[in-house]
Every structure is written in C-alpha cells, then in structure tokens.
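Visitor: One letter stands for each residue in the lines below.
4 protein chains.
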Amino acid sequence: MVVRNQIRVIYGDTDAMGHAYYGCYLRWFEAGRSEWFRSSGATYRELEEMGVFLPAVEAHCKYQKPAFYDDLLTVVTTFQFSGPARLRFDYRIEHEGELLATGYTVHVCMSRDRKAIRPPEALKTLLHSMEEQS
Amino acid sequence: MVVRNQIRVIYGDTDAMGHAYYGCYLRWFEAGRSEWFRSSGATYRELEEMGVFLPAVEAHCKYQKPAFYDDLLTVVTTFQFSGPARLRFDYRIEHEGELLATGYTVHVCMSRDRKAIRPPEALKTLLHSMEEQS
Amino acid sequence: MVVRNQIRVIYGDTDAMGHAYYGCYLRWFEAGRSEWFRSSGATYRELEEMGVFLPAVEAHCKYQKPAFYDDLLTVVTTFQFSGPARLRFDYRIEHEGELLATGYTVHVCMSRDRKAIRPPEALKTLLHSMEEQS
Amino acid sequence: MVVRNQIRVIYGDTDAMGHAYYGCYLRWFEAGRSEWFRSSGATYRELEEMGVFLPAVEAHCKYQKPAFYDDLLTVVTTFQFSGPARLRFDYRIEHEGELLATGYTVHVCMSRDRKAIRPPEALKTLLHSMEEQS
Chain A
1 MVVRNQIRVI
11 YGDTDAMGHA
21 YYGCYLRWFE
31 AGRSEWFRSS
41 GATYRELEEM
51 GVFLPAVEAH
61 CKYQKPAFYD
71 DLLTVVTTFQ
81 FSGPARLRFD
91 YRIEHEGELL
101 ATGYTVHVCM
111 SRDRKAIRPP
121 EALKTLLHSM
131 EEQS
Chain B
1 MVVRNQIRVI
11 YGDTDAMGHA
21 YYGCYLRWFE
31 AGRSEWFRSS
41 GATYRELEEM
51 GVFLPAVEAH
61 CKYQKPAFYD
71 DLLTVVTTFQ
81 FSGPARLRFD
91 YRIEHEGELL
101 ATGYTVHVCM
111 SRDRKAIRPP
121 EALKTLLHSM
131 EEQS
Chain C
1 MVVRNQIRVI
11 YGDTDAMGHA
21 YYGCYLRWFE
31 AGRSEWFRSS
41 GATYRELEEM
51 GVFLPAVEAH
61 CKYQKPAFYD
71 DLLTVVTTFQ
81 FSGPARLRFD
91 YRIEHEGELL
101 ATGYTVHVCM
111 SRDRKAIRPP
121 EALKTLLHSM
131 EEQS
Chain D
1 MVVRNQIRVI
11 YGDTDAMGHA
21 YYGCYLRWFE
31 AGRSEWFRSS
41 GATYRELEEM
51 GVFLPAVEAH
61 CKYQKPAFYD
71 DLLTVVTTFQ
81 FSGPARLRFD
91 YRIEHEGELL
101 ATGYTVHVCM
111 SRDRKAIRPP
121 EALKTLLHSM
131 EEQS
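Protein chains in written order, with my numbering: chain A, 1 to 134; chain B, 1 to 134; chain C, 1 to 134; chain D, 1 to 134.
Next up, chain A with everything else stripped away, as it sits in the complex:
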C-alpha cells in the first residue's frame, strides 16, 4: 500500500542556507511511517502499547532539490520486508509534483527491555497484507 501524507515546512525546519535542514527529512520519513501504520489499521502507538518497538537500524536519504519554508510537502511511503525480521520503508518527498528527495529506513523488532525479537504473528500478517497491496 502506498500512503501519502502532508507536511508543512516550518521556519524551525529551515537553516541559514535558506532551505530545509538535511536532518529534517528523517523526521518527515518518520511522520510518513506513522501515517503508513495508521492506514494499516494498527497505529505505531498501539504496537508500543503491546510491547513491540521498531527502532531504526539504517536510514538513507538522497537530496535532489531543496524544500523551502512554507512548502506543503507530500511524503509517499511504501513498505516491504527485507528479511524475515527486517522491515523496510521507502519514502519519496514531493512538492507540487516535483521529487525533492528519496530515502529508506530499515527497522527491527525490539521488546520493551531492548531485546531483538521476531515480529509477533499478528504484526507479520498485517505487514504481509500491506506489502501485497503495495
């Protein structure tokens, strides 16, 4: 499933070069990922309440065009497994149809006490169903 959500670039996101700071994109990826979970029917907040955490083990971003203050961006998020216990999200940041940046993050499942765990069956079923739709 492809999930889109919108982000308004605020002044606090910009830097002295006049456009959005390169670190902000990981925040926007996270916002996209969060909306992706909401669209899947299970919010990430609920996952954590069940004791499942999904810390990032890898993040990547390619910056193609800058984003400016007040731009209304679209984050396009898709999901695929990249191993039995590795979740990969891909992101595109767009503005008025133009591609500004692409990136991905890889996540593993962790328990509340920071032990690596395999994704619970319910989560796996949900993720597989979402993957098939993408």
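For the record, the hints were derived by calculation from the structure and aren't laboratory data. All clues stand as given, with none of them false.
Taking lysine to aspartate or glutamate and the DMTMM-like style, the derived pairs with C-alpha atoms no more than 25 Å apart in a straight line are:
hint: 1; chain 1: D; residue 1: Lys115; chain 2: D; residue 2: Glu46
hint: 2; chain 1: B; residue 1: Lys115; chain 2: A; residue 2: Glu48
hint: 3; chain 1: A; residue 1: Lys115; chain 2: B; residue 2: Glu46
hint: 4; chain 1: A; residue 1: Lys124; chain 2: C; residue 2: Asp70
hint: 5; chain 1: D; residue 1: Lys62; chain 2: A; residue 2: Glu58
hint: 6; chain 1: A; residue 1: Lys115; chain 2: A; residue 2: Glu48
hint: 7; chain 1: A; residue 1: Lys65; chain 2: C; residue 2: Glu48
hint: 8; chain 1: C; residue 1: Lys115; chain 2: B; residue 2: Glu96
hint: 9; chain 1: D; residue 1: Lys62; chain 2: D; residue 2: Glu98
hint: 10; chain 1: B; residue 1: Lys65; chain 2: C; residue 2: Asp90
hint: 11; chain 1: A; residue 1: Lys62; chain 2: D; residue 2: Glu58
hint: 12; chain 1: B; residue 1: Lys115; chain 2: C; residue 2: Glu94
hint: 13; chain 1: D; residue 1: Lys62; chain 2: A; residue 2: Asp90
hint: 14; chain 1: A; residue 1: Lys65; chain 2: D; residue 2: Asp113
hint: 15; chain 1: D; residue 1: Lys115; chain 2: A; residue 2: Asp71
hint: 16; chain 1: D; residue 1: Lys65; chain 2: A; residue 2: Asp113
hint: 17; chain 1: C; residue 1: Lys65; chain 2: A; residue 2: Glu48
hint: 18; chain 1: A; residue 1: Lys115; chain 2: D; residue 2: Asp70
hint: 19; chain 1: C; residue 1: Lys62; chain 2: C; residue 2: Glu96
hint: 20; chain 1: D; residue 1: Lys124; chain 2: B; residue 2: Asp70
hint: 21; chain 1: D; residue 1: Lys115; chain 2: A; residue 2: Glu98
Chain A is already provided as a structure; the job is to place chains B, C and D on it using the hints.
Guide: Leaving out everything else, chains B, C and D in the frame of chain A:
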C-alpha cells in the same frame, strides 16, 4: 552556585533568517540545567534513576541579540527555590562577553507514574546548599 | 481573529520522559503563527519576500498537561499589538478539548540587514483589521 | 586527517523509546564535519562567507547501539573525494570506546544563488591535503 557551560551553534540550529532559531534556546537552557546538576554532584540522570523527574511547568526567554552559526556560546545557569516544591533555574546566553538572551524555567517534582511529589529530602538538601552558594 | 491549526506529535518530538519535549512547543507556536498569517491573507513568506522579518524578542510557555506521541493537537492563535511596533501572539495548545499549554511570543519588525523598522503601513492595516476581529 | 569531537546527549535528543532519536545523528555528523573544517584551518563559516556552500546530496546512517541521555559521545570524522566535485565525509559515533553508529554524507559545491559549481582551487588544495593525511 553559578554554572557555565559552552555550546557550539550548529547549522541545524540556524534558520532562514540566518541566525539561531528561537526554539533552540530552550535546548540550550536544558543543557545548562544538566551541567548545573552535574556540578551539584547529582546528575539529572541519577535523579531519574531514583524515580524523580523534573518536568518544566514554565519557560521564558528574552532574545536580545541573535546567535550565529559556529558561535561558541556560554550558558550561565543559577538556581533558586520559587516555592517549597518549585525549582527555578535562571539562564543567560552569552557570546564573547555579550549578552544574547536571558530566560528561566520552573520545574516541579514528579514520580515515574506522573504524580506530583514533594522533592525527596536528599534532593532538597542538595538544592538548598546549591542555592546558598549562588 | 482566532486561527486554529492541527499538529500531529511525532516520535521525534517526544523525550525519554515519554511525552513531548518542552522545546517543541515553540515550534508549534510558530506553526500556529504561520497559519494565522495565512488566514490573514498575507503569508509570512510573502512578508519576508517584501523584506520584512519578524524575529521573536520574547517567548513564554506554561505547561499544564503533557502531550504524547501521536496526539493530534490543536494550536489556537490570536494576535494583538503590544506597542506601536510590537506584535504579540497568544497561543493555546489543546488536545481533545483539554488545555495542555498556553503561551505567547512578542515580535518586532526587522529589515533584511537586521535593522529594527516600524511595520510598513500595509502590514499595520492588515494587523489592525485582524486584531479587531479577535 | 581524522578529527574527533565530543557531543553531550541532551534530553531534547532523546525520544519515548528512552534513547537518542534517529534523526539526531545527522546533527552530530554535521557537528563532526564542522569540527573537521575547523581542524583543516578553514571553517565552514569562512567558506560560506566566500560564497561556497556545501549542501548534502546524500546521507546514510547505520545504528548499532543506542545512545542515552547524558552520554558523552565522540564523533570521528574523515574525508575523501568521491568524484572531482563530490566531497564525502565518513563518521563513527562512539561512546566509551564502543561503536554506536557509522554513517556518511556526500556534498557538492554550490554558489550563493544555488548553482552547482566546481570546488574553488584553494578549497580543492586544502581538501586534497587533508585527504592525504587521513
């Protein structure tokens, strides 16, 4: 006791106006507060490990001159009680002897389960001894 | 005029205490202010393109209840002059009808070369008309 | 040349999972890069004053162990050209001798009006001399 610590303004702290974003000052106040605790002999991390949290209930900042990328700032932090269970920290942000901003934050004691508590005696004794030195 | 806009708390806004970091509120105030300008008919981006900058000279926040990850907050923004060349915005952060925080920021007019200027007549007229509606 | 600098994890860097937010690492990489330039004898601020900007076109991070509040981290930064006009910085984030994360960023030269430019000769000479020492 007056505690000084240094902060380097990074690019990510700046905004499109070319100077440090107004929200960064609360981060710098926190860094000053954290160093203040370290100087007191009890780090804030240790307080939390004992189950004492000090959330801010009020924050204030007056901005007098801008801070720029790469400036090496000094945060000057002092402490006083502003009520039996209210901790007040005052801050000055300086650059090469010039005053850039002043501010304060007020904090209360909270337990791990977010209940307001009175400061434990050990903390109170420590804070009073630090207050007297200020 | 009273302007409302919505903010989703992301994971990057939270801190180890489990709720939104106290510094985030100044970002949310800025987002509210930005929407207020948009509602007034003149975006802050357009003001800057005309060479008018509105740096904050003061910011204040009272924190009453914490905001949590994934909360959909409402920022309620109003405006009044607090002197012939001082703009004051007041903010309320609400969640599901509950008040989480209140605050204000004070701004002055500045030219591109960082000189204090009086608000241009067009801006003054616009701000006065918005003030009357509030 | 290998450049080391230290970063204290503040509360504002942490998230509800109890460790540093994954987006913070790009800020720390930037702080490392900035110190690298300072060690080279030409601060990045001076480069910008000469009209040379080095926006990131790519960023990558692998997270191996979490960083916690109050940790004093070391950022280890090295440099190499990855093409005649592409600058690549590699980073290691360490805590008490343990490796927490690795990453890199790739940068191009840009003029003040956002046009891609080749690195000026003086910068190229400086970067080559630093590369040889690494």
